[in-house]
Amino acid sequence: MPKVVLAGIEMETDEDGFITDPSLWNEAVAADLAKTEHVEVMTEAHWKVVNMIRNYYLEFGVAPMIRKLCKETGFKLKEIYDLFPSGPAKGACKVAGLPKPTGCV
Amino acid sequence: MDDKKAFQVEDISKPDGPLTHVDNADLMPLPPPLNNPADEPAWRELTPAAREKYAACLDDTIVLNIPKPKNKEEEQALVRKFLDGLSKLFSKEDNWPFLRPFMLSIEHCAGCQTCSAACHIYEASGKNPVYRPTLRGEILRRIYHKYLKPGGKFFGKWRHGDIDLTWATVVRLAELSYRCNLCRRCAQTCPIGADNGLLAREIRKLFSQELGIHTEELHDKGTVLQLKVGSSTGMNALVVKDNLEFIDEDTSERTGMTIKTPWDKAGADILLIHNAGEILAWPENPGAFAVIFEAAGISWTLSSELAAYDSVNYGLFYDDVMLARVALKQAEAAKKLGVKKIILGECGHAHKALTVISDRVLTGDLNIPRESAFPLLRDIVMSGRIRFDPSRNDFPVTLHDPCNVTRMMGIIEPQREILRKLCPKFREMEPHGCNNYCCGGGSGFAIHSKHNFEDWRFKVAGRKKLSQILTAFADCLDPSIHKYVCAPCSNCKGQMRDMFKYYGLWEKHSILYGGLVELIVNAMADVKPGFIEWEWH
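As they're listed, the protein sequences go chains V and X.
According to the numbering used here, the first sequence is numbered sequentially starting from 1.
According to the numbering used here, the second sequence is numbered sequentially starting from 1001.
Worth flagging that the hints you see were computed from the coordinates, not collected in a lab.
All values reported here derive from a predicted model rather than from experimental measurement.
Virtual Cβ for every residue (Gly too), placed ideally from N, Cα, C.
Accuracy of the hints is not assured; some may be wrong.
Distance condition first, Cα-Cα at most 25 angstroms in a straight line; then the derived PhoX-like pairs of lysine-lysine [unchecked claim]: (1) V:Lys-3 / X:Lys-1528; (2) V:Lys-76 / X:Lys-1528; (3) V:Lys-90 / V:Lys-35.
Which chain V residues face chain X? A few, computed with CB under 7 angstroms, are given here [unchecked claim]: (4) Asp-16; (5) Lys-68; (6) Lys-78.
Which chain V residues stay away from chain X? Per the calculated CB distances, all over 10 angstroms, these [as the list claims (entries may be wrong)]: (7) Asp-14; (8) Asp-21; (9) Ala-28; (10) Asp-32; (11) Lys-35; (12) Glu-44; (13) His-46; (14) Met-52; (15) Gly-74; (16) Leu-77; (17) Lys-100; (18) Cys-104.
Can you build the whole structure from these sequences, using the hints too?
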């Protein structure tokens, strides 16, 4: 597994750049992960998406449905792509410190 | 280009280092509006760290992440295990499911290359000889005759061609089995019925079952996860029910109908199994199924049993044992509910895995009828039980044929009858039906994106489909016209979503993809108009 330094902590990521130990995540780690997703500054809107994904993941152990994410944050899917260019699964979930979503999603 | 054309089979055993390379200049040209080569995105390169760590010795990318052997012992172990596994592919006791077509293909391929002309990967790569469908079989044949047949070291090489079996040969063959979509267009066109697609799949099986080499996406986070928590998506039964409840509410709101998905209803006529990826990524698809089934008065249910709310069976792509384990779980759930049949939703490989390939493991009390949703949907649409207003689908629509449903199973007309009735601007792409081309995401590629594999997946594997789509819409490329590629398969949709984004097809040319049931609901006269949301993809 590649090792990277995020927010001063050395940690492992998978080959897609997702951190492998979600418990090492914090807001500073998120901000550094965001840079790998071409998001230089995390705005309030970015945090709204990331926090929703993060909280859902902590409760249910998987990423939320994209539609649920849109409904709860009030963002259209296009707006989420504008915030995270690789999209909700590959971009926003990565910044939220989740493992890469699996299955045919 | 010339050095690529000079490739010889023996080159597969060259010392470490990539065997071939594909440039943008090599790629098959695309039709308008993507006919300007300057617009082709640049290839991302494998990082030096990845090249250092993994055996990246075939082409520009890697899928399997096989660690480079560290010493002679590891190199030899790789070769030994491979040969051991190869001998099993040739044995009746070990390879009873596929021995006959395997042997026939090994023995009878005449190397005429008719199949190369039919292969979308070979054509799109600029006819790179490393991607010829016959190469994998040729390598296996030479190894078999030289290393496994008595006296092969003396006679095998001059009768069947020489080959050196080194660790690099083994690794290259493994990676090469993941440069094929398993679409079997090669087998369809072969004048003597050799199945080079099956050979690619059998090589994957050898590596998975004998060497533990498979992709994380298909195995650890695919089949293993599915058998552990219930779904390759990671959703357990509680989460999937919660998500369906959300879909029911959302669908009810959008259609004006009251939708309540039935769970675990004993004695229902039909157990419907979706690819669980639909639930997470394309919830309008399970939502639309529910709308149609309710409106038609069908007796149906979903199951919350392990693996029975996720039709995926990735074993089809790489491993017989995993394939059988998943199929058994799905059939057992149907038996428990006492349903009359299992209906598979819009997922191509699940169709083939559960209805056709599992025939030999689902016997006796587990031999419950297993069918595609398409004929049932056609019967519903044609029955007159639902009122339709086709003018709601008044936009250009073309149909992508998922290989597993069409070429592999011959289900060609039902989906077309529906589109001809409900989509006034339906047009075929050429060729289509059982002669279709793969979307480029086939055999699970759509869920593989590590390193730079996506570049290969879109530029090479998906290119022929992209070309077909653009040609089908040549008369309406104007971005003010919304266009819809009906792709009734989760894996094909995943490939199209990612490939369309890569080439800006929605943003610049208003080409969207989606399923079949969404078009049906979009045309239902008694639901609120606008079920298809063009901005949602």
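Exercise. Honestly, which of those hints from before does the structure not fit?
Worked result: The structure breaks hints 1, 7, 16, 17 and 18; every other hint is satisfied.
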